[in-house]
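Novice: If you want the building blocks of each chain, they are given just below.
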Amino acid sequence: MKFVQEFREGSAARRYARAIAAITTRPWTLMEVCGGQTHAILRFGIDRLLPPEITLIHGPGCPVCVTPLELIDKALAIARRPEVVFCSFGDMLRVPGSSGDLQGVKALGGDVRVVYSPLDAVALAQRLPEREVVFFAVGFETTAPANAMAVLRARSLGLRNFSILVAHVLVPPAMEAILASPRCRVQGFLAAGHVCTVTGYAGYDRLARTYRVPIVVTGFEPLDLLQGIYMCVRQLEEGRAEVENQYARSVRREGNTEAQRVMAEVFEVSDRQWRGIGEIPQSGLALRAPYRMFDAERRFGLTVRCAAEPAECIAGLVLQGVHTPPECPAFGTRCTPETPLGAPMVSAEGACAAYYRFRGPPEGRGRDGDYR
Amino acid sequence: MAIIDEITCPLPAPAASQVILAHGGGGRLMHRLIEHLILPAVGNPILAALHDGAVVEVGGTRLAFTTDSYVVRPLKFPGGDIARLAVNGTVNDLAMCGARPLVLSAGLILEEGLGMDLLGELMQSLGRAAAEAGVVIVTGDTKVVDRGKGDGIFINTAGIGIVEASDPIGPSSVRPGDVVLLSGDIGRHGIAIMASREGLAFETAVESDCAPLTGPVLHLLQEGVRVHCLRDLTRGGLGAALVEIARGAGQRIEIDEAAIPVRPEVQAACELLGLDPLYVANEGRFIAFVEPQDADRALGLLRTHAVSADAVVLGRVVTGVPEVVATGVLGTTRVIDLPSGEQLPRIC
Chain A
1 MKFVQEFREG SAARRYARAI AAITTRPWTL MEVCGGQTHA ILRFGIDRLL
51 PPEITLIHGP GCPVCVTPLE LIDKALAIAR RPEVVFCSFG DMLRVPGSSG
101 DLQGVKALGG DVRVVYSPLD AVALAQRLPE REVVFFAVGF ETTAPANAMA
151 VLRARSLGLR NFSILVAHVL VPPAMEAILA SPRCRVQGFL AAGHVCTVTG
201 YAGYDRLART YRVPIVVTGF EPLDLLQGIY MCVRQLEEGR AEVENQYARS
251 VRREGNTEAQ RVMAEVFEVS DRQWRGIGEI PQSGLALRAP YRMFDAERRF
301 GLTVRCAAEP AECIAGLVLQ GVHTPPECPA FGTRCTPETP LGAPMVSAEG
351 ACAAYYRFRG PPEGRGRDGD YR
Chain B
373 MAIIDEITCP LPAPAASQVI LAHGGGGRLM HRLIEHLILP AVGNPILAAL
423 HDGAVVEVGG TRLAFTTDSY VVRPLKFPGG DIARLAVNGT VNDLAMCGAR
473 PLVLSAGLIL EEGLGMDLLG ELMQSLGRAA AEAGVVIVTG DTKVVDRGKG
523 DGIFINTAGI GIVEASDPIG PSSVRPGDVV LLSGDIGRHG IAIMASREGL
573 AFETAVESDC APLTGPVLHL LQEGVRVHCL RDLTRGGLGA ALVEIARGAG
623 QRIEIDEAAI PVRPEVQAAC ELLGLDPLYV ANEGRFIAFV EPQDADRALG
673 LLRTHAVSAD AVVLGRVVTG VPEVVATGVL GTTRVIDLPS GEQLPRIC
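So the protein lines, in turn, are chains A and B. For the first sequence, the positions run 1 to 372 when our numbering is used. For the second sequence, the positions run 373 to 720 when our numbering is used.
So that you can see chain A by itself, here it is in the shape it has in the complex (with noise of 0.2 Å):
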């Protein structure tokens, strides 16, 4: 496929190793941001390419994983309600809440379907007026802007039975929030491609600036992210730490200023919950007031009682990089894609999943599975 094989040439990218390799002089810890990020590095073995110092730890950029308990739980009950049809991506319908997922709900008569676009739920309201049409709006900067175009778009068409439920989180607090912390073991991060095309990384500026980390934007192929991960390297072994572009053919410094103003008008920045890891403050997006009438938690009137969470799963030390899938003790034995723990299990861009998936349960460990 034109513009995907190149970038995943196995020539290419045993050259991009060998050269790390040859500019790498003592251990570093990098840590990639987005899910996707980590499912890539698993999928094709990007990690065993790498010189043994170099360690990739993997970060929170799993929407899925991070949409909180409480999200989930509300998403449940509108979900059950008769008169609601209930719009997902796919990858929402299998995560835990208090009470069993979406699919579970869907099997007990529950009218939830998957859809592909956010404006695909919007013309399933214009579809069917009697009902009350619900997206359940999840994700990073990357889906914010089409959410925000589905709202603007209901807007316009007068829709009364149209409304999203907001579960949005913005990349750069958790990125702060993970340097402040006293177990941060982050010396370099590949910056999400995807979240810096819609945003651009002027912003990253001052994190790099404050935190004396370098901060490479990276794409997804496996070229993409050998040359991140040796830009970062780079930086780290010239002992500079700045904000540099590996994905220039999708991001620019200033980013998608279209997408950031329908944003901007439909989204105002607001504290927020992480699964697994609690609130950080400013990291989330909720909808402006002239748009609350879309937000199905006001329409709904919810209040959900979270059932507390029990400690056995480590979902929240994998999502801040503290440890990796396989150190926690429940990985590929109580915690499985069928019975998961974590949503960093159950979501395809977990990095639970990532590892239980291409390197298998850890009665694999020691031959191809090998966990380095």
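Think of the hints as simulated: they come from the structure by calculation, not from any bench. One thing to keep in mind: the hints can contain errors.
To be verified - Computed Cβ-Cβ distance ranges for the label pairs, DEER-style:
1) B:D489 - A:R160: 30 to 40 Å
2) B:S544 - A:T333: 20 to 30 Å
3) B:S441 - A:T333: 29 to 39 Å
4) A:T25 - B:D668: 26 to 36 Å
5) A:E254 - B:D668: 55 to 65 Å
6) B:A630 - A:S250: 24 to 34 Å
7) B:R500 - A:R18: 51 to 61 Å
8) A:R14 - B:V685: 56 to 66 Å
9) A:R253 - B:R500: 52 to 62 Å
10) B:P446 - A:Q126: 20 to 30 Å
Stated by the list, open to error - Anything over 10 Å on all C-beta distances counts as not near chain A; from chain B, calculated:
11) Q390
12) L419
13) E483
14) L572
Claimed, not checked - When the alpha-carbon atoms are kept at most 30 Å apart in a straight line, the in silico BS3-like pairs for lysine-lysine are as follows:
15) A:K106 - B:K521
16) B:K515 - A:K106
17) B:K448 - A:K106
18) B:K521 - B:K448
19) B:K448 - B:K515
Ideal Cβ positions, reconstructed from N, Cα and C, are used throughout, including at glycine.
Given the structure of chain A, go ahead and fit chain B onto it with the hints provided.
Specialist: For chain B alone, coordinates are given in the frame of chain A:
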């Protein structure tokens, strides 16, 4: 700003107390359903082989017998329809037993309100597909259910064939050294269905690979290729089929991921939707495990049939823990696992 130090954790997902769609996805959930609920109740040595069809001896003749139900939406899709699928799916299950398909049954469950024109069209397609696959539909059944209780039409087909292979074909016959052949590109059927079901418009229309596989399979057997196992790649795709065979055989399978043909339009759709082509469904593809000295000849024979013209050597069986390991494009390896259920498109 500081991250809360206490470990917070999502609740364990409650064990499924009801059937969910993923139980039909050809993945681990379906396997668990079969192993824990169905086999204990009705199991016997023939069923326990969990092959595509059963081989039973009747009056000194070895017959292959299989059944399958078709519940696809939409009823018509690029490259086929539910009726063509119902014939080819069952014919292919018989072929995977090394059998020449002879007769089929067709059970129709019709939903009140289904258009007569559409039903007529589907029955024409059923007849054409049977003729193309060289089978006769000799018995059937028709039921009508209330409106809202079906998706227009469900079709169940069962089939009987005569086993032409002299040696048993199935996972238990797989040996270290066996070469694994793949009959062509993967993922087209699943993407065609998803695109037409969800109204996704891709630049190039993807057509289902739905086709009968009898021709190439019988050709291999007639030419004396020592075939140890055959499996058509339906739900769960190539990935699930390989894992099932590795476990059934108790052997390790090593494959070369770069050798797997995937059409650019299928690859593009998979990238867009966050799907792995390895687990996307097919309806006209199969894998064959053959003795190493027969591999080149088998590949040549497969390539003489239109439906398997793009056949490739996928990998080989080696002694070891029963699992599937793929060498990827970068030369690194990954474990191929069963999918959990249906693959779901990701957020971004």
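Novice: Would you mind marking each hint as holding or not holding in the structure?
Specialist: Comparing the hints with the structure gives:
no.: 1; hint: B:D489 - A:R160: 30 to 40 Å; result: 38 Å, holds
no.: 2; hint: B:S544 - A:T333: 20 to 30 Å; result: 29 Å, holds
no.: 3; hint: B:S441 - A:T333: 29 to 39 Å; result: 36 Å, holds
no.: 4; hint: A:T25 - B:D668: 26 to 36 Å; result: 50 Å, violated
no.: 5; hint: A:E254 - B:D668: 55 to 65 Å; result: 58 Å, holds
no.: 6; hint: B:A630 - A:S250: 24 to 34 Å; result: 26 Å, holds
no.: 7; hint: B:R500 - A:R18: 51 to 61 Å; result: 57 Å, holds
no.: 8; hint: A:R14 - B:V685: 56 to 66 Å; result: 24 Å, violated
no.: 9; hint: A:R253 - B:R500: 52 to 62 Å; result: 60 Å, holds
no.: 10; hint: B:P446 - A:Q126: 20 to 30 Å; result: 21 Å, holds
no.: 11; hint: Q390; result: 5 Å, violated
no.: 12; hint: L419; result: 23 Å, holds
no.: 13; hint: E483; result: 18 Å, holds
no.: 14; hint: L572; result: 7 Å, violated
no.: 15; hint: A:K106 - B:K521; result: 16 Å, holds
no.: 16; hint: B:K515 - A:K106; result: 27 Å, holds
no.: 17; hint: B:K448 - A:K106; result: 25 Å, holds
no.: 18; hint: B:K521 - B:K448; result: 19 Å, holds
no.: 19; hint: B:K448 - B:K515; result: 21 Å, holds
The earlier numbered hints that this structure contradicts are 4, 8, 11 and 14.
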